[in-house]
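Starting from the known structure of chain Y, arrange chains V, S and F on it as the hints suggest.
Number of protein chains: 4
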Amino acid sequence: MKTTVSIIGGSGYGGGELLRLLLSHPQVEVKQVTSRSHLGEYVYQVHPNLRKRTSLKFCDPAQLEAVDVLFLALPHGQAQGNMEQYAALAGKIVDLSADFRLRSAADYAKWYGEAHRAPAWLERFTYGLPELRREQIKTAQYVSGVGCNATASNLALLPLVKAGLIDLDAPVYVEIKVGSSESGAEGNAGSHHAERANVIRTFSAFGHRHTAEVIQELGVKNVSLTMTAVDLVRGVLATAHARVKPGVANKDLWKAYRAVANENPFVRIVKEQRGIYRVPEPKILAGSNYADLGFELDESNGHLVSICAIDNLMKGASGTAVQCLNLMMGWDETTGLEFAGLHPI
Amino acid sequence: MKTTVSIIGGSGYGGGELLRLLLSHPQVEVKQVTSRSHLGEYVYQVHPNLRKRTSLKFCDPAQLEAVDVLFLALPHGQAQGNMEQYAALAGKIVDLSADFRLRSAADYAKWYGEAHRAPAWLERFTYGLPELRREQIKTAQYVSGVGCNATASNLALLPLVKAGLIDLDAPVYVEIKVGSSESGAEGNAGSHHAERANVIRTFSAFGHRHTAEVIQELGVKNVSLTMTAVDLVRGVLATAHARVKPGVANKDLWKAYRAVANENPFVRIVKEQRGIYRVPEPKILAGSNYADLGFELDESNGHLVSICAIDNLMKGASGTAVQCLNLMMGWDETTGLEFAGLHPI
Amino acid sequence: MKTTVSIIGGSGYGGGELLRLLLSHPQVEVKQVTSRSHLGEYVYQVHPNLRKRTSLKFCDPAQLEAVDVLFLALPHGQAQGNMEQYAALAGKIVDLSADFRLRSAADYAKWYGEAHRAPAWLERFTYGLPELRREQIKTAQYVSGVGCNATASNLALLPLVKAGLIDLDAPVYVEIKVGSSESGAEGNAGSHHAERANVIRTFSAFGHRHTAEVIQELGVKNVSLTMTAVDLVRGVLATAHARVKPGVANKDLWKAYRAVANENPFVRIVKEQRGIYRVPEPKILAGSNYADLGFELDESNGHLVSICAIDNLMKGASGTAVQCLNLMMGWDETTGLEFAGLHPI
Amino acid sequence: MKTTVSIIGGSGYGGGELLRLLLSHPQVEVKQVTSRSHLGEYVYQVHPNLRKRTSLKFCDPAQLEAVDVLFLALPHGQAQGNMEQYAALAGKIVDLSADFRLRSAADYAKWYGEAHRAPAWLERFTYGLPELRREQIKTAQYVSGVGCNATASNLALLPLVKAGLIDLDAPVYVEIKVGSSESGAEGNAGSHHAERANVIRTFSAFGHRHTAEVIQELGVKNVSLTMTAVDLVRGVLATAHARVKPGVANKDLWKAYRAVANENPFVRIVKEQRGIYRVPEPKILAGSNYADLGFELDESNGHLVSICAIDNLMKGASGTAVQCLNLMMGWDETTGLEFAGLHPI
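Residue numbers (my numbering), protein chains in the order written: chain Y, 1 to 345; chain V, 1 to 345; chain S, 1 to 345; chain F, 1 to 345.
The shape of chain Y in the complex, shown without the other chains:
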């Protein structure tokens, strides 16, 4: 018998991507999908790729029935006010929003500019990035989603932190380039195509909220995320600049990156001497759950450039959420996430 799931907030990009994945997941039956703004519409009217794939309609959150696993894909700040109600509906919950990513209510207040409304729930959640917390997720009842920019940053830095190759107190600059789907389905004046096409727009020099997830999860204290929008729909590239500890050489880096790639089915190393695709690029990752990693070390001065590419809606959000589901349910971690991505695209 299949595991039943429902999605709260299914009309956004994260919710739609999650729905696509769960509809074709062999172990799962999607029961309900909610949307206030599209109540009563067929889900394929909002997510046209799902036409002829499902006859589900968006329903009211008040009509939700009990399921095995509940996914929350609401705009940030909405889930925290209703956790008791959601917990009554399902034994396991995966929340894609930012509401339960941080362990400390103080950190939440600092980075999100307001007090958390359900601080007692913070400690019940596990940060949902399997590459960092696989074992905890396996036994977790409540799992948070991940920030897409945080994920690209965390995975770019993971091999370095895990192998102790950089000083955690030294400054780390992460330059992040992102596509337009990151800003959500709602859009704003600046996301109008005529204004958003052809851009290289640095919209946050430092202080981006996802920074908190890098500090919390990796312990890199002096890290700065600089965000630049480019002309692309899906994709994040994080280019992290750090200084390696004295004596660290290329072979140490290869070892550290290989270890992470070997331990994680969705991590690949991309570092080629020839061909067109020599480094990690989000271009070829659309729809796939891979995180591609690469690096370059300037041995003359210890300047390390570590690169991570992901699809922000997949590895940066919904793909990782399904990966967490697989772990929570004891299924193979890659179930339902087999799509290889397209070339060219």
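Please keep in mind that the hints were generated in silico from the structure rather than gathered at the bench.
These numbers come from a predicted model, not from an experiment.
Worth double-checking, as some hints may not be accurate.
To be verified - Result set (SDA-like, lysine to any residue): computed pairs, CA atoms no more than 20 Å apart in a straight line:
{"#": "1", "chain 1": "F", "residue 1": "Lys271", "chain 2": "Y", "residue 2": "Gly190"}
{"#": "2", "chain 1": "F", "residue 1": "Lys52", "chain 2": "V", "residue 2": "Asn262"}
{"#": "3", "chain 1": "S", "residue 1": "Lys52", "chain 2": "Y", "residue 2": "Pro265"}
Below, chains V, S and F without anything else, positioned relative to chain Y:
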């Protein structure tokens, strides 16, 4: 002494482009630019290309002073309610909107779905496409703007109609591909970058309002405009499909197109046998006032494909408006419109 | 035991897409992939989406071993010279190139400008579009691929021809807009990004080779395909302009299109009154095998606009080839082709 | 009487842009343009924007006649072998290539990997960035061009260096995002549209040749340029990460940036609290000669983000070359460079 002009409705794309052109026009002094939504802001905050070029601020329409020429760049439907007031401010008016393009109130009602509110003004306006009505524009007091899609269609068909090479009663299909700036600065759900990038979206199969301008100006009775949005900001390509009269051959077409190109400084024929740019393309026209024309005749069956490429904000709107100004004032027709366009872009 | 397959010509876009599909096909084992230009390289060095999915290397065509099914993905004109050799390797062959699409050597010579080198093989091949020839494909030993533009045109016209709603002798204009992957992995001067980005470039007014497939398969004698390149990598949109027979109304069209959609698992009707995605669009089809159909009828004059959107590398090439494989082997027609496509992308 | 000029190497992007500018320069007459690969073709066949603007054809370099000013727009490495010959043709030379940007033959050998073939000429050239060397350029006989990435970096750092706000020995990371025109008209496998569209591709982690120009001109010793290609044709954005000296505050930065903007007609500060365009963006600079500067200071730790946006073919190459011409000839510095750029585009 310079000719004084003001622009009503300067925060939209058409108004902004007009402002750019007029600010660098050697014979013109821009006195005022209005915008209700951006009242009091520097115009360069809305049109960032004008930074360091002007210290004008958007003012209230109620504060307008008398000028030599008034430009109206309001959303369609707004100018017609205030013509008496505008006429009191300036002896000459150029209206970029659709309000005074059609000569017949009945046609306006048919294509715009509502009665015209100032029908007496319709006959006072001259349709502002110099390639069709140069002599009338020279002596006109009131000149209407042109629809961008109508202009691409009219210029694609002009050589054929002028030389009598096609039957005016036979069906003519014009397939038009357009960029996102055509839909205006306001945008809508479908113009959000994530939804609008990578599209080939046929948004109007027939019945587009600009069709009325083609019927009126060229007398092609059975013409249909099919509109498709593509991933581009500026540009229109009209590909007209018609059948030539029996016996019409390539040499007749060359003669007809050359005649139009020779008579009009902004019309060029693009028909090369080699190189990358063999046909008219809007890509290289951004910012220029050229209309590039080309054609192909299938001599086996008389199927003619006539192509016109323009920048919708220049030749399709503001560039043509300045061209009209030049004619109305007795200046060289190309003054202030010398920008050649960029390659590559 | 799995069915064994090999691909001749695996480094092009069609071959790469085919490889991606076959590597994840549950009934298939990919034995060998050839490429002369990338001999000895890992396939993931050319098709970076396949990294961590296969350790296959490109091999020499001379090293091919016998398999159950052989796929040919060579540039047009190369397969016809080696059919005896290929036939000795496999009992079933699917050829993606244009070599065996036409049934008549005379037609081939007319459209391809040279004599066919293996005319005796022409009649042994079945045209490989299941929506037209499903039953024949099921028992075929040799199946040809389909032209991507021909497929979009054939499917746009199929409901009309099947239900007898248009006159087969009257002119039909098909305006086709295409992405850059259609021109193949080799590229040319005009495909350089700086020259190819932002284009609306009509590169063939009439006489495109794929026209022959529309004439042959649907019997629409007076059909013209006009090709325009736009800024997109994957996707084709065909907009067919025809005149319906007197008396044909919208309800007749609905019935005809619904019949085709009901009979074919990969055909969908897209015709919505609200939302962003009201018409067929290739944007959301990247990686999926769907052909989305829509139509608009101008009842005042019988002008019908029929629209078909596909991914040129999937439904227009490799996806249809796998669909044919499924039919030839007696498997479910949709096996290995379940990917829904992405939104947004 | 107009000043006569010729261009050697006019078929590339830099040469074409230069030609466009010089053709409309009021003080200049273009005599000849050379191209070996397009010998005898009209220049508008290669640069289609110049159709109806000039009847010049590409001529052979051997046919060059004497002129007042000679522009060299050859691929890097070619000019240095022919300087004596060029110097015999004109008293003033502006070379856009990299051949004479560095003052030291040793530096050239280090960064370009080969010995300079005309080291004696190095000291005769002045580095052609007016914002750095205006007075020298005014009296120079030979002026070098500038690297586009170097220019974006130099201008991002200029206010900081000039006002002494950063430590010249501390590490400075400059993250540079670039469009496809930067790689030149020749292209390569990776510049094919299907492979180059939608990219965020970090093609140089450090060690880019333009770094040498930043070290030489600003004295920032420990600077690293990291290059990432994005989906855009024209434009460079440099985002420089540095640490300000202790005590430096926002007001000091404002003062330093304002000073540079005030002294230089093509430098603007972009730092807005509202609107869409709050920071420097290359999007709106296509065709303009402006360099837009902005900055953000994290006062908690001294992390400064300084941003510079330019059009790589204008301020980053040909626009600056014309600016140098104006200075060398004693004309107004902005002559022929008045184009404001487009919004939207």
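Here's how the hints hold up against the structure:
{"no.": "1", "hint": "F/Lys271 - Y/Gly190", "result": "holds, 16 Å"}
{"no.": "2", "hint": "F/Lys52 - V/Asn262", "result": "holds, 11 Å"}
{"no.": "3", "hint": "S/Lys52 - Y/Pro265", "result": "holds, 9 Å"}
Taken one by one, the earlier hints all hold for this structure without exception.
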